[in-house]
Each structure stands twice: as C-alpha cells, then as structure tokens.
Amino acid sequence: MPEVRRPPDELTPTHVSLLTDTQHAQRTLRLRNACLLTPQISNWMAQVAKDHPDVVTKVEYGQTYEKRTISLLKIGLNTGENKKAIWMDCGIHAREWIAPAFCQYFVRQILQAYKTDPKMQEMLKNMDFYVTPVLNMDGYVYSWKDNTTRLWRKNRSPGPSGCNCTGVDLNRNFDANWGTVGVSFDCCSNVYCGSQPTSEPEAQAVTYFVGTRKEDFLCFLTIHSYSQLLLIPYGNPNFTAPNYNELMEVGLGAADAIRRVHGMNYTVGTSPDVLYANAGSSRDWARTQGIPFTYTFELRDKGIFGFELPEDQIKPTCEEAYSGALHIITYAHDKTFSGAVATAAVTLWTMLLAVGATGNTLM
Numbered sequence: 012m013p014e015v016r017r018p019p020d021e022l023t024p025t026h027v028s029l030l031t032d033t034q035h036a037q038r039t040l041r042l043r044n045a046c047l048l049t050p051q052i053s054n055w056m057a058q059v060a061k062d063h064p065d066v067v068t069k070v071e072y073g074q075t076y077e078k079r080t081i082s083l084l085k086i087g088l089n090t091g092e093n094k095k096a097i098w099m100d101c102g103i104h105a106r107e108w109i110a111p112a113f114c115q116y117f118v119r120q121i122l123q124a125y126k127t128d129p130k131m132q133e134m135l136k137n138m139d140f141y142v143t144p145v146l147n148m149d150g151y152v153y154s155w156k157d158n159t160t161r162l163w164r165k166n167r168s169p170g171p172s173g174c175n176c177t178g179v180d181l182n183r184n185f186d187a188n189w190g191t192v193g194v195s196f197d198c199c200s201n202v203y204c205g206s207q208p209t210s211e212p213e214a215q216a217v218t219y220f221v222g223t224r225k226e227d228f229l230c231f232l233t234i235h236s237y238s239q240l241l242l243i244p245y246g247n248p249n250f251t252a253p254n255y256n257e258l259m260e261v262g263l264g265a266a267d268a269i270r271r272v273h274g275m276n277y278t279v280g281t282s283p284d285v286l287y288a289n290a291g292s293s294r295d296w297a298r299t300q301g302i303p304f305t306y307t308f309e310l311r312d313k314g315i316f317g318f319e320l321p322e323d324q325i326k327p328t329c330e331e332a333y334s335g336a337l338h339i340i341t342y343a344h345d346k347t348f349s350g351a352v353a354t355a356a357v358t359l360w361t362m363l364l365a366v367g368a369t370g371n372t373l374m
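When you line the sequence shown up against our numbering, it's residues 12 to 374, in that order.
One thing to keep in mind: the hints can contain errors.
Unchecked claim - Straight line, CA to CA, 30 Å or less: simulated DSSO-like cross-link-like pairs of lysine-lysine:
1) 136 <-> 94
2) 136 <-> 156
3) 156 <-> 326
Hint data in this document are derived by calculation from the structure and do not stem from the laboratory.
With these hints in hand, go ahead and build the complete structure from the sequences.
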C-alpha cells in the first residue's frame with residue numbers, strides 16, 4: 012500500500028526509493044529514455060515555433076543562477092488586440108520529471124486540436140497560452156546527472172554565507188505569506204524558502220512576466236507530482252481565497268474530467284486540507300495578484316512509484332491531466348467571453364477532446 016504523502020523535508024531515500032537498488036536504476040533509465048534532457052526540450056521548443064509560426068512564439072524571459080535561459084511557448088492567434096491569457100509552468104521541482112513531459116504533451120494536443128476544432132480556435136483567438144516546460148532548469152539538469160542526484164528538488168543557487176548546502180525550494184520562495192508555515196530557514200532543508208521572498212532568479216522571472224500583465228491572466232496552472240491532487244489557494248490555513256467555492260466547484264469538475272479518461276481519482280482542496288500546509292507557493296502568489304483560477308496539479312501516482320513513475324504511465328497520466336486542465340481553462344474562457352458558463356457544455360467538450368486524445372470511444 013502507498014504511504015501517506017509526507018512533507019518534502021521528511022522524505023528520505025528510504026521513503027522514495029533505494030538509490031542503490033537495481034530496480035530503481037533500471038526504472039530511472041527507462042524514464043530517461045521517455046523524457047527529454049534540457050537541450051532536447053530547448054530544441055523541441057524551437058522546432059514547435061518553427062513548425063507553427065502562425066500561432067507559436069518562443070519567448071525567453073529569465074536566466075538561472077547557472078546562466079541557463081528560462082523560456083516559454085506563447086500560443087495564440089495574433090489578433091492585434093490585447094488578449095486574456097493562460098499560464099502553465101512545469102518542472103519547478105527538479106525531480107518531478109512527469110511534469111515537463113506533461114507540458115510538452117499539452118502543447119502538442121492544443122496545436123492538434125486547433126487544426127480542426129472550432130472551440131480551440133475560438134480560445135486561441137481570445138486568449139494566449141504561456142507554457143514553460145521546465146522552470147527549474149538548473150535543478151532539472153542536476154537531477155539527470157546520476158542516480159545519486161535523481162531526487163534533487165531545489166534549484167542550484169549557492170547557500171548563504173557559512174552554508175555548505177545548495178539550492179532553494181522555488182515553491183516556497185514566492186511572496187505569498189512567505190516564511191510562515193511549511194517552510195524552513197535551514198539552507199540544507201528541502202523546503203528552504205530562501206533568504207527573502209523572491210530571492211531566486213526563477214521566481215523573479217515568473218513574478219515579473221506574470222505580474223506586469225496580471226490583469227490579463229485568467230488561469231495560473233502549475234504542474235507537479237505526485238499524489239493525484241488538485242490544490243487551490245491558500246497553503247496557509249489562516250487564509251481563504253475569496254472565490255473558494257467557485258475554485259472548488261471548477262476543481263471538482265476537472266477531477267471528474269480526469270476520472271472519465273482512465274478512471275483515476277484526484278482529490279480537490281487546499282493544501283492544508285488534503286496534503287500539508289505551506290507558504291510561498293507560486294499558486295498562492297498568483298491568487299494574491301488577482302488571477303482568479305489558480306491551481307496546483309499533483310499528477311500520478313499516490314506513492315507506489317512516487318517521483319519515478321514508470322514509462323508506461325507517462326502517456327495516460329498526460330492524457331487525463333490534459334482533460335482536467337482543459338476543463339479549468341474552458342470554464343475560465345467561457346465565463347469571461349460568454350458572461351456565463353454552461354457547465355454541461357464545458358463537460359461535454361472536455362470529454363470529447365479527451366476521447367480524441369486517447370482514441371477511446373464514448374459509451
């Protein structure tokens with residue numbers, strides 16, 4: 012039986028996997044073969060922009076401590092007007108390899124749907140999608156180094172003076188109730204929140220890019236693993252999002268859309284209610300900026316494989332998460348551009364797209 016997900020600072024190799032175990036080494040090798048290294052992801056982004064110049068632009072918007080470029084794909088039709096926007100980032104935690112794989116899948120699917128689907132064409136006319144496949148570039152590269160670094164979580168910034176440890180937990184570094192709960196000021200901790208809010212270049216890049224156009228963003232989706240959760244603001248139990256009920260309703264609809272694809276159950280709620288309390292997350296920061304629909308996706312599984320999801324689970328994980336993300340995005344779009352949301356229509360359309368993505372038939 013999978014154990015209850017522990018806070019990151021309580022996880023040891025024993026709780027995640029045995030780094031010396033042959034099965035772990037083989038599983039990591041298979042997962043590496045299924046995922047992309049950072050240079051491959053960068054090349055893939057450039058190729059996508061080249062292949063779809065009418066709707067895709069590659070945008071560089073930051074630089075890591077180790078001088079790697081932080082890039083995103085902007086996907087949308089150029090209407091010459093100021094448009095609403097959707098944000099999605101993957102790979103803020105280095106060891107969560109399924110997340111960058113999902114961002115790539117998401118991009119491929121919306122570009123495929125755009126060719127023939129009037130609804131996707133409408134959404135790309137009204138909104139721009141900003142997708143960052145790997146936010147924590149340095150940490151992601153480090154997690155590929157060898158089996159001893161496979162479970163690295165943080166970025167690769169040096170510790171403060173007198174500290175021999177490296178890295179900050181980027182999902183504790185945003186300026187949203189920073190440093191109050193579920194964090195550590197020990198620079199060697201997995202949940203070290205940094206010396207101050209937004210101290211890290213990755214957090215600075217997101218904060219500037221999104222913050223300077225925050226009125227345009229309808230959704231902020233940040234993709235993680237594992238536990239099969241859809242988390243809403245806030246991570247600090249002393250605060251409640253002003254649209255809590257709507258966030259829950261839309262999240263439950265997304266969880267239902269996910270379940271319809273492969274039968275997987277996702278739990279919806281705030282982090283303190285269904286996981287553990289934390290502060291300084293990008294999701295919470297986005298909600299404090301007035302972005303109405305902000306969610307953290309914790310993808311498969313529930314702890315049997317954890318961060319080392321088998322290769323044969325990558326595609327179904329992406330398929331179901333795509334359906335869930337699309338439900339949220341469609342709801343936000345229709346509420347903004349239709350004045351009201353026809354829930355049944357949103358559900359039916361996300362079901363149909365999920366069927367198209369998996370090749371299943373409706374029963």
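The hints, checked one at a time:
no., hint, result
1, 136 <-> 94, "holds (8 Å)"
2, 136 <-> 156, "violated (41 Å)"
3, 156 <-> 326, "holds (24 Å)"
Consistency note: the structure conflicts with earlier hint 2 alone.
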